[in-house]
Each structure stands twice: as C-alpha cells, then as structure tokens.
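Asker: Chain B is fixed; fit chains P, D and W with the ligands onto it per the hints.
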Amino acid sequence: MLDVRQDFPAIAAGAGHFLDSAASALKPRAVLEAMNQFAGTVYANVHRGAYRLSTTSTELYEKARSRAAEFIGASNPDEVVLCRGTTTGLNMVAAGWGGEHLRPGDRILLTVMEHHANIVPWQMVARRTGAVLDYVGITEDGHLDRDGFVRKLDLQPRVVAFTGMSNVLGSIPPAAALAEAARATGALVVVDGAQLVPHRPVDVQSIGADFLAFSGHKLLGPTGIGVLWGRPERLEEMEPTEGGGEMIANVELDHSTWARIPHRFEAGTPPIIEAVGLTAAFDYLDEIGMESVAAHDAELTNYALKRLSEVEQLRIQGPLTGEDRGGAISFTLGDVHPHDLATILDQRQVSVRAGHHCAKPLMRVLGMPATARASISVYTNNEDIDALISGLEEASGLFGI
Amino acid sequence: MLDVRQDFPAIAAGAGHFLDSAASALKPRAVLEAMNQFAGTVYANVHRGAYRLSTTSTELYEKARSRAAEFIGASNPDEVVLCRGTTTGLNMVAAGWGGEHLRPGDRILLTVMEHHANIVPWQMVARRTGAVLDYVGITEDGHLDRDGFVRKLDLQPRVVAFTGMSNVLGSIPPAAALAEAARATGALVVVDGAQLVPHRPVDVQSIGADFLAFSGHKLLGPTGIGVLWGRPERLEEMEPTEGGGEMIANVELDHSTWARIPHRFEAGTPPIIEAVGLTAAFDYLDEIGMESVAAHDAELTNYALKRLSEVEQLRIQGPLTGEDRGGAISFTLGDVHPHDLATILDQRQVSVRAGHHCAKPLMRVLGMPATARASISVYTNNEDIDALISGLEEASGLFGI
Amino acid sequence: MALEELYREVILDHYRNPRNRTALEEPHAAAEGVNPLCGDEVTVELTFGGDVVAGVSVRGHGCSISQSSGSMMGEAIKGLDREAISVLSRRFQESLTSEDSNSESEFGELAALQGVRRYPVRVKCALLPWTTLDEALSA
Amino acid sequence: MALEELYREVILDHYRNPRNRTALEEPHAAAEGVNPLCGDEVTVELTFGGDVVAGVSVRGHGCSISQSSGSMMGEAIKGLDREAISVLSRRFQESLTSEDSNSESEFGELAALQGVRRYPVRVKCALLPWTTLDEALSA
Ligand SMILES: Cc1ncc(COP(=O)(O)O)c(C=O)c1O
Ligand SMILES: Cc1ncc(COP(=O)(O)O)c(C=O)c1O
Numbered sequence: 001m002l003d004v005r006q007d008f009p010a011i012a013a014g015a016g017h018f019l020d021s022a023a024s025a026l027k028p029r030a031v032l033e034a035m036n037q038f039a040g041t042v043y044a045n046v047h048r049g050a051y052r053l054s055t056t057s058t059e060l061y062e063k064a065r066s067r068a069a070e071f072i073g074a075s076n077p078d079e080v081v082l083c084r085g086t087t088t089g090l091n092m093v094a095a096g097w098g099g100e101h102l103r104p105g106d107r108i109l110l111t112v113m114e115h116h117a118n119i120v121p122w123q124m125v126a127r128r129t130g131a132v133l134d135y136v137g138i139t140e141d142g143h144l145d146r147d148g149f150v151r152k153l154d155l156q157p158r159v160v161a162f163t164g165m166s167n168v169l170g171s172i173p174p175a176a177a178l179a180e181a182a183r184a185t186g187a188l189v190v191v192d193g194a195q196l197v198p199h200r201p202v203d204v205q206s207i208g209a210d211f212l213a214f215s216g217h218k219l220l221g222p223t224g225i226g227v228l229w230g231r232p233e234r235l236e237e238m239e240p241t242e243g244g245g246e247m248i249a250n251v252e253l254d255h256s257t258w259a260r261i262p263h264r265f266e267a268g269t270p271p272i273i274e275a276v277g278l279t280a281a282f283d284y285l286d287e288i289g290m291e292s293v294a295a296h297d298a299e300l301t302n303y304a305l306k307r308l309s310e311v312e313q314l315r316i317q318g319p320l321t322g323e324d325r326g327g328a329i330s331f332t333l334g335d336v337h338p339h340d341l342a343t344i345l346d347q348r349q350v351s352v353r354a355g356h357h358c359a360k361p362l363m364r365v366l367g368m369p370a371t372a373r374a375s376i377s378v379y380t381n382n383e384d385i386d387a388l389i390s391g392l393e394e395a396s397g398l399f400g401i
Numbered sequence: 001m002l003d004v005r006q007d008f009p010a011i012a013a014g015a016g017h018f019l020d021s022a023a024s025a026l027k028p029r030a031v032l033e034a035m036n037q038f039a040g041t042v043y044a045n046v047h048r049g050a051y052r053l054s055t056t057s058t059e060l061y062e063k064a065r066s067r068a069a070e071f072i073g074a075s076n077p078d079e080v081v082l083c084r085g086t087t088t089g090l091n092m093v094a095a096g097w098g099g100e101h102l103r104p105g106d107r108i109l110l111t112v113m114e115h116h117a118n119i120v121p122w123q124m125v126a127r128r129t130g131a132v133l134d135y136v137g138i139t140e141d142g143h144l145d146r147d148g149f150v151r152k153l154d155l156q157p158r159v160v161a162f163t164g165m166s167n168v169l170g171s172i173p174p175a176a177a178l179a180e181a182a183r184a185t186g187a188l189v190v191v192d193g194a195q196l197v198p199h200r201p202v203d204v205q206s207i208g209a210d211f212l213a214f215s216g217h218k219l220l221g222p223t224g225i226g227v228l229w230g231r232p233e234r235l236e237e238m239e240p241t242e243g244g245g246e247m248i249a250n251v252e253l254d255h256s257t258w259a260r261i262p263h264r265f266e267a268g269t270p271p272i273i274e275a276v277g278l279t280a281a282f283d284y285l286d287e288i289g290m291e292s293v294a295a296h297d298a299e300l301t302n303y304a305l306k307r308l309s310e311v312e313q314l315r316i317q318g319p320l321t322g323e324d325r326g327g328a329i330s331f332t333l334g335d336v337h338p339h340d341l342a343t344i345l346d347q348r349q350v351s352v353r354a355g356h357h358c359a360k361p362l363m364r365v366l367g368m369p370a371t372a373r374a375s376i377s378v379y380t381n382n383e384d385i386d387a388l389i390s391g392l393e394e395a396s397g398l399f400g401i
Numbered sequence: 001m002a003l004e005e006l007y008r009e010v011i012l013d014h015y016r017n018p019r020n021r022t023a024l025e026e027p028h029a030a031a032e033g034v035n036p037l038c039g040d041e042v043t044v045e046l047t048f049g050g051d052v053v054a055g056v057s058v059r060g061h062g063c064s065i066s067q068s069s070g071s072m073m074g075e076a077i078k079g080l081d082r083e084a085i086s087v088l089s090r091r092f093q094e095s096l097t098s099e100d101s102n103s104e105s106e107f108g109e110l111a112a113l114q115g116v117r118r119y120p121v122r123v124k125c126a127l128l129p130w131t132t133l134d135e136a137l138s139a
Numbered sequence: 001m002a003l004e005e006l007y008r009e010v011i012l013d014h015y016r017n018p019r020n021r022t023a024l025e026e027p028h029a030a031a032e033g034v035n036p037l038c039g040d041e042v043t044v045e046l047t048f049g050g051d052v053v054a055g056v057s058v059r060g061h062g063c064s065i066s067q068s069s070g071s072m073m074g075e076a077i078k079g080l081d082r083e084a085i086s087v088l089s090r091r092f093q094e095s096l097t098s099e100d101s102n103s104e105s106e107f108g109e110l111a112a113l114q115g116v117r118r119y120p121v122r123v124k125c126a127l128l129p130w131t132t133l134d135e136a137l138s139a
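In the order they appear, the protein sequences are chains B, P, D and W.
Using this note's numbering, you'd call the opening residue of the first sequence number 1 and step up by one each time.
Using this note's numbering, you'd call the opening residue of the second sequence number 1 and step up by one each time.
Using this note's numbering, you'd call the opening residue of the third sequence number 1 and step up by one each time.
Using this note's numbering, you'd call the opening residue of the fourth sequence number 1 and step up by one each time.
Check before you lean on any hint, since a few could be wrong.
As the list claims (entries may be wrong) - Using 27 Å as the maximum straight-line C-alpha spacing, the simulated BS3-like pairs for lysine-lysine come out as follows: (1) B:63 to W:124; (2) D:78 to D:124; (3) W:124 to W:78; (4) B:360 to D:124; (5) W:124 to P:360.
Said to hold, decoys possible - Estimated spans, in silico, between C-beta atoms of each pair: (6) P:1 to B:255: 20 to 30 Å; (7) B:348 to P:1: 49 to 59 Å; (8) B:59 to W:17: 32 to 42 Å; (9) W:135 to B:30: 34 to 44 Å; (10) P:312 to W:17: 19 to 29 Å; (11) P:389 to W:49: 48 to 58 Å.
Stated by the list, open to error - Short derived list, chain P residues pointing at chain W, Cβ under 8 Å: (12) 337; (13) 340; (14) 343; (15) 355; (16) 356; (17) 398; (18) 401.
Derived from the structure by calculation, the hints contain no laboratory data.
A quick note: this is a predicted structure, and the numbers were derived from the prediction, not measured.
Beta carbons: idealized from backbone N, C-alpha and C, even for Gly.
Only chain B is shown next, with the shape it has when bound in the complex (with noise of 0.2 Å):
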C-alpha cells in the first residue's frame, strides 16, 4: 500500500477520511507548488510574445502538452488537445466530428452506465443531425453487456463511445477488446478516460481508440484542465467548436482558415497555470508509478468491499470482486436515504458522495434514484475504510435497522 499523505497538504489541513475522489482528487503539494510559483515568476501569456517570459511560459505550456502525450503513450504530442475537462474534451468531439460527419439515421452507441458528460453531448449533437441514440446495457453484476454489445455493433453504429471506468459501478470494460471490434465495424471509438486515467496504467497505442478524454482535477491536478487526445486523422476530420485567437491561420472579415491541429482546438488564452499544475501531477504519478497506483486501488477495493460486505443490510451496487473494478463503490444500507448517510458520516469526517452521480440513466436501470459512494485515491488508507464502516454502523443504529 502506498503510503503518501504526508504529500497532501489538505489532509494536514483536516480533509478528515475523505472518500470522493471520483469527483474530484486532493492534490500534492508539488502540484500546488508548482502553480503558485510559476504564477509568481515567469507567467505570461503564452505563443504570443518574442520576450522571454512569454516563451518560457509557452516552453511550460506546450511541456504539458507532451507530458500528457507521454503519460498515456501517443506517439506525438499533436494529439493532443488542452482543453477543460473530460466534459468540454467529449463535446469537442461530438459537436465537431460528430456534427461534420454525422447523417440521419446514423446510430451513436453509447452504455447505460455513462457519466451524463458523455451522454448530453450526443444527444445534442443527434437532434442537430438526425443521428439516433442506442444503448448496451449492464449484466447482474455491475458489468458492461458484452454480447449485448456484439449484438448492437451488427446494426454498424457510426460511433460507440463508452466509458473506461463506471464512475458509479466501479466496473472496468475491457476498452481494447471493445474498440477493436468497434473499429472493424467501421465506427469511431470514443473513450470516456475521467476514471480511468487516474487509476491504471494507460496507453493509446494498445487500446486502439479514436479519441479519448480526461480530467486534470481528478489525477490530482489543478480543474480547470483536461486532455483530449486523437488520433492525427481523425483530429483533422474534427471541426473546431470554438473560434477566436491562436487558433486560427488567417482572418478575413467574411471568413478564416484554421491553424494546425492540435491548435485549431485551442482557442483563446488557454489555462496556461493550470497546465504547469497538470505536468506537476503527471510527474507525481510517474514518480510513484501507475503500475503502483493501481496495485494500491485494487488492494484497498478489495478490502472496501470485503468489509462493506460484512455490514447488514448493505447493498453494493457493481461487481462485488476485485476483477476488473476500480475503487469507486457505490451502495444503500437498508432504507436509509444515502443523503442522510452522507450526512451521518460527514459528522465523522467520513466524506461521501450522495446522488445520483451524473448518471441518471444509470440509476433508473438500477432502480434507485440515489445511492451513497465511496471512491479512492493514492492518498486513502485502510483507515478511511473502517471510519467509513464505523459511520455506517452509526447509522444503523440511528435508523434502528
């Protein structure tokens, strides 16, 4: 297990056993160090200036750029898009490709189980185009419907976008083995990496997808940041869905021409500190390693779920092994409204999230508006675990189931 909370400056600060990571991570000290000390030095806008200040920022800022590439294997930092999050990097791709290339009729699959970023943006992007919407579904226990999957991909959907990792399920579909058998049918494969970036090892070269979209803020980096990243070709077939500075060729009062990609996708002054904060995480994690950030996940899922286990009338919603799931573990105990379960466990500096969790669709196919989760980072430690198990005994007790 790992053991680097002495890096997190909050949990000094009394951040208490906190266990929201899926929404949003703690971050390091060498990440907010980095931010406020290039803010407070060599900051200045970034490709536009000949003086000095300005191009060491702009060094720094592209420098995020190839980190980001480097991090998740793409052979070149061009496929890469800074953009503000998994959300704007997933409605990038469904307005701008999906919006150029997209005819009526045309089938976009998407899973029950997706964050409602990576569903909106098709539903947008299919009223404007005549495009309709179809769903895999979920096995009994908390996995993507894999023959479901094979099945829909017969009816040649034009793209299939899931995500990498259920925020709420937990459950990790196996990207590679999908978006091959997407590709072959011909579709564009967009990855949902919000979760799953922050938690595994992961490479562009050996999942094989078109596109695939994270957050800063969730792999203990600044908000504010994310990262789109393309294949080259498919880059080019994207229109951008912003205009302004830096991201054009040329203006004319009646039309312009676009920059190069990943430029053109840039527009405007973009989040120049927040992009020295993200290689700060990048270099973090490397320092610690991603096969060890998830080595760490998968052992304290594994002992989350055996102790959730053992608390009556506690219901987990997603696989119930350690198989192919990542640390974010949503349940109900009993009737007890997973509302009044966040509040119960606050008291304790238990810090859970309570809702929906931005997938709707989700719940319904779960049958419950709301359920109580836990999630994980590097940071949490068994100790998290038994306070979140004390709080839940509290509540039982308060509850009297």
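Answerer: Frame of chain B, contents of chains P, D and W with the ligands only:
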C-alpha cells in the same frame, strides 16, 4: 499614481519592465495565496456533495459568481455564467444565442477593430445559419466611426457586437451610447469586455448591453476562468453549447432537460480553484478602487504617449491623446520590424508584444502586418515607460535610423 | 454530535410511514418541487372547501428530512385557510433559516425538524415541501 | 549584450535591400512558409537547368532575421544542384539548432546569421526560408 509593485511576486522575481499586461496581467500575492490556500485545505468538487468540504467549496465557487455580479453592477448573481474566458463567453453567445435565433440574411454588425475572439465565432455561426457579417470602420485617429455605426444600424442588424476597448488601438468606444442606439433598432448587443473591465469601472446597468464577456487572467486573476454576464431574458433564450453533468435537470436515454440559468451553461466540473482566485482578484481591485485604477491608467497612458511621441520615426497607431483611450499603445519605429523591436527591448527586460495582436482585419485596415504594443496595469510605473523609451533609442541606433 | 436531534423518532416515523400519499382526483392547486442538487422531489396537491384546505396530497422521494417534512406539512395544513397556511409557511421557513430560532412550541410536531438548523446543507431538504406548497398556492 | 552580433550590417542590408524578389513566371518548384506564431511569411520559387538552380525568387514579409535569411539563401543556392542545396540546407539548419556551432567558414555571408543562436525564439525566423526551401524541393 498607484504604488502596488510589492504586491506582485513576479516583479520581485525579475519580471522586469513587464509591458504586456493587455495579453495577460501579473497576479498579486493575494490571488496566488487564495488559490494555494484553498486548494490545500477545503478543496472538493462543487454542487455534488452533502459533506462539509464540498459545501464549503460550493459556497466559495458561488461567491465568485456573486462577486462578479457585484463587480460589474449586475443585479443578480444568476445573470453571471462562469466560463473559461472571454473567448468561450463570446462563443457561447454566438453559437448558443445566434445559433438559435439567426436566420438566413440576418445581419451581424461587428467593428473592424475586434479581436479574433469577437469575429471568428460570428463567422462560424453565420456559416451555420446563413446570417451575414457587416463591419463598422474606424476614423483616422483610431476611434470607432460613430457616423458609420449609425448608418449601419439603418440596415437593422440582428446582432451588434463590439469591443469595450481595442486591444490594439486602446480606443474606448462609447459603449452605453452604442448599446442604446443598437437596442433601439431591436438588435442584440454584445460587448467584449476583455480589455475594458480590467481598467475602468464597469456597470452593466448603465451600459445597457445584453451580454458582456471578460477574462480573469487579464484582471489580475487566474487563467482558465472568465465571466459571461447576460440579461436573464437573453440567457433564457440561449441554448447551452456544452452538455454534461450539473447543467441538466433530467437525463433520459433519448433526451434531457436543462437546469435553470446560469447552471445550464456550466457543464461538468467548473474551474473551482480559479473561482477562488477570481474572487481574490475582484477583492484586490476593489480594495484599490476601480476609479483609482482608471486614474492610474490614464495618467500613465498620457505619460507614455508623450514620451513615445518624442521618439523619432515612431508612429503610434490609435488615439494620440489620453481621452477615450486606455493603456494599450501600438506603435512602429521606422522600418524596424516589431519582432526585432521586441527582441531588442527584451534584452533590457522590457516585455512588449509584437505581431497582429489577434486582430488581423484591423491590421489590414492599418496597412501593416504587425505592430509593437506596450500595455499597462496597476503595477506599471513611469520607470517602465522610461526603460521602453531607452530601448527604443537603442533600436534606432542598431538599425541606424 | 447531535445526530439524534436530527433523526428524531417522529421524523423517521413520517419518513417510513408518510401520510397523505394518495393523489387527488381534481386538485384545485398543485405544484412539483425538485432540489436540483440532490434530486429530491415533492409533489403537493390541494383541494379547498371555500378558503379552507379540504384535501391534501404530498408525495415524493428523497431523504428522510424532505420526505418527513412533507408528510408533517400535510398534516399541519389540513383544515387551515389560505391565510393561515401562508403565515405558517412563512414562520416555519423563517424558523429554519433565521439566526435565532424561538417558538418551537407554535409548530407542534413540525418542531421536530428544528434539529436540521445545525446542518445548513440539509435545511433546504426540510424547506422543499414548503416552497413547493407556496408555489401551489400562488399559481 | 550581443545585439550588435545579431543585427550585423550585412543582415540589415539584406533586410532593406532583399535580393531576388522578382516572381518567376513558371517556377519548377515553389512553396510558401508561414510562422503561425509571429506571422512572418516567405515564398520560395525555383527554376532548374537540369539539376542546377537557374532562377530563384524569395519574397515575403517579416522581421529582419527571416527576411535577410531568405535573401541570403537565394544568393547562396544559385548555381547549386539539388544535392548540394539539400546538404547546405541541412548543415545550415544544424548550425543554428545543434549544441555546438563550428564551421562558420563554410557558409560565407550566411554565417552572419550565427548571432541568432543566442536568441532561441528568433532561430525559427532564420530557419523559415530554409524549411520553405526544403518543402519546395520535396514537393
Ligand atoms: C479585446 C479582446 N477580446 C478578447 C480577447 C480574448 O480573451 P481570452 O484570450 O482571455 O479569451 C482579448 C485578449 O486576448 C482581447 O484583448
Ligand atoms: C466517468 C466520468 N466521465 C466524465 C466526467 C466529467 O468530468 P469533468 O466534470 O471533469 O468534465 C466524470 C466526472 O465527473 C466521470 O466520472
């Protein structure tokens, strides 16, 4: 004149004579500390958790919204959309309002002195809707051509969008008068406040536009965050341009409904740490007082204009007097190319920007592909201007002019 | 910890056995309320005999606080006239949101919800049925 | 400060009096290069007699470095064959970008541009005509 240099760590760290504040401003210690402190203590995702950390984060995030409203005199925080910056704000209006309401042949009236951020989004929506672009010119002395503006209004544009202050010429169009005339003809009025809001007291009630966008990073605040203010009835008419978490009321498999304004325009995890920094920037500027900021700006601009006008073969682009102009001063020196100027000045720690300043159409009107630009902020002083002048004299010597 | 103060017996009872759940055939006034942040929902339906509430239905789903608050509200407003309801609604909402809480006594069973005052996030759960009621009455 | 090293006489001369500005009627090879960050532009056109450059046109606008580099390049490649040009281009580009610069001597007048090595941002100004030339030759 203000004396606040000690508040800016980058100056002590050797930023030198930083005269590129119009591209992005340096950050006061208060902003950096607020972000660092927040991110290292009570940080958590917003709008999502019933636990203490998350509600504290949410309150701080919403605080930025109400401070923004206060800063620009908006009557209600719900009129404020927190977005990535001016570019995103203007794209949201163009695609989200224009995309819904523009019809083939509708006219969009811009000015030739717009930044690309207030041109390209309109070109994109014009292409999509069949609307047509029209432009108001400038006068000899670098001001907006008001007579031309009035004539163009006769053509009943559906949208009138103009900058509150030119980032190249420094000129400040009479926004309130223009907005009143444009609204009287029934046009939607959009003001690009990127340069105006950091340098003048701005009151949206008295300007009377429909939308105003500005960026945090030009306002002594962080990158990655900005503000789109809109009249509530106009925000209601605007479609969200991004879909995802937090912006929905409900998500079904085949369609979704939107949350109320302004939340429907804030899909996904927003720039949370940045919001805390933005609040600190508003606080810092209010502490100085925007009237004092404007006075400092005016005094220093006059000093710079006077000193520059004494340099031989130096030609200023834009108004030559301090009236109705702010402290962004573009110029050329003989036949020395602006990039050469920037390099020469950089050797003396004088940072100026050289190029087209994301205003290619304007550069074409001025008949030059590039200018050098010096621009000021609260921390700029006479010595910075003096250093600029000495550097220019050295350039004259090197180039033998 | 004052969690026992929050989750009082009477609250859990109303949560588990909510009163007045049957939908009304032809309500004279109705509204639906949602707390967009947590997803809690409440539907309020009323019929009147003259100015006085004759029939009440309060349905919904969500946490013990919002649901018990709705159930207790239904009981509390039965037989009151519009004027009395709006006074009660205003005073009850104030009792949860204003600095100084007094007069628990005037609220009867509803007073059990005063424990929520120490949990600011949960106050809006307790208020949801009442703001929905206000909406039904003003429509 | 080594600004005098950067802005040598010969550079300013080529900047102000650029050689070979006349467009060619029917070029055998041509390319346009732009530095998107600063907007500098260079157009290169060539005609060949057999394998040897017969006519050269280098036009554009931008800073003294990119424009003088283009002007000197035009002079330098006249009369060279394709092979010699590509060697020169590679060696010249290397001389500006590699760690150790040597052999100023082999470049003749072009050596005046070595001063740019101390200004990393400006190196790409000096390279622009050459990368555009490479493009023209490989097209
Ligand atoms: C007048 C004007 N409008 C818009 C912008 C774009 O702002 P941002 O890059 O922060 O989106 C700028 C700054 O570059 C500007 O000066
Ligand atoms: C699976 C998944 N996809 C997408 C998102 C959206 O990420 P963000 O809010 O950073 O844009 C999240 C996080 O909320 C997520 O868990």
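Asker: Each hint should be assessed against the structure and marked as holding or not.
Answerer: A quick look at each hint next to the structure:
1. For the suggested pair residue 63 (chain B) and residue 124 (chain W), the alpha carbons sit about 18 Å apart, so the restraint of at most 27 Å is met.
2. Of the pairs offered as hints, the one joining residue 78 (chain D) and residue 124 (chain D) holds, with about 23 Å between alpha carbons and a cut-off of 27 Å not exceeded.
3. With a C-alpha separation of about 23 Å, the suggested pairing of residue 124 (chain W) with residue 78 (chain W) holds against the 27 Å cut-off.
4. With a C-alpha separation of about 22 Å, the suggested pair residue 360 (chain B) and residue 124 (chain D) falls inside the 27 Å cut-off, and the hint holds.
5. Between residue 124 (chain W) and residue 360 (chain P) the CA atoms are separated by roughly 22 Å; this keeps the pair inside 27 Å, and the hint holds.
6. The hinted window of 20 to 30 Å between residue 1 (chain P) and residue 255 (chain B) is violated, with their beta carbons roughly 45 Å apart.
7. The beta-carbon spacing between residue 348 (chain B) and residue 1 (chain P), approximately 55 Å, falls within the hinted interval of 49 to 59 Å.
8. For the pair residue 59 (chain B) and residue 17 (chain W), the beta carbons lie near 35 Å from each other, so the given range of 32 to 42 Å is met.
9. At about 42 Å, the CB distance of residue 135 (chain W) to residue 30 (chain B) agrees with the hint of 34 to 44 Å.
10. For residue 312 (chain P) and residue 17 (chain W), the Cβ-Cβ distance of about 22 Å falls inside the hinted range of 19 to 29 Å, so the restraint holds.
11. At about 53 Å, the CB distance of residue 389 (chain P) to residue 49 (chain W) agrees with the hint of 48 to 58 Å.
12. Checking residue 337 (chain P) against chain W by beta carbon gives a least distance of about 4 Å; that is within 8 Å, so the hint holds.
13. Using the Cβ-Cβ criterion of 8 Å, the hint placing residue 340 (chain P) at the interface with chain W is satisfied: the shortest such distance is roughly 5 Å.
14. Because the beta carbon of residue 343 (chain P) sits about 6 Å from the nearest beta carbon in chain W, less than 8 Å, this interface hint is met.
15. Given hint, residue 355 (chain P) at the interface with chain W, holds; its Cβ is 6 Å from that chain's nearest Cβ, closer than 8 Å.
16. At about 6 Å, the closest approach between the beta carbon of residue 356 (chain P) and any beta carbon in chain W falls short of 8 Å, and the interface hint on this residue holds.
17. A hinted interface residue such as residue 398 (chain P) counts as satisfied when its beta carbon comes closer than 8 Å to some beta carbon of chain W; here the least separation is about 5 Å, so the hint holds.
18. Residue-level restraint check for residue 401 (chain P) is violated (minimum Cβ-Cβ distance to chain W is 10 Å; threshold 8 Å).
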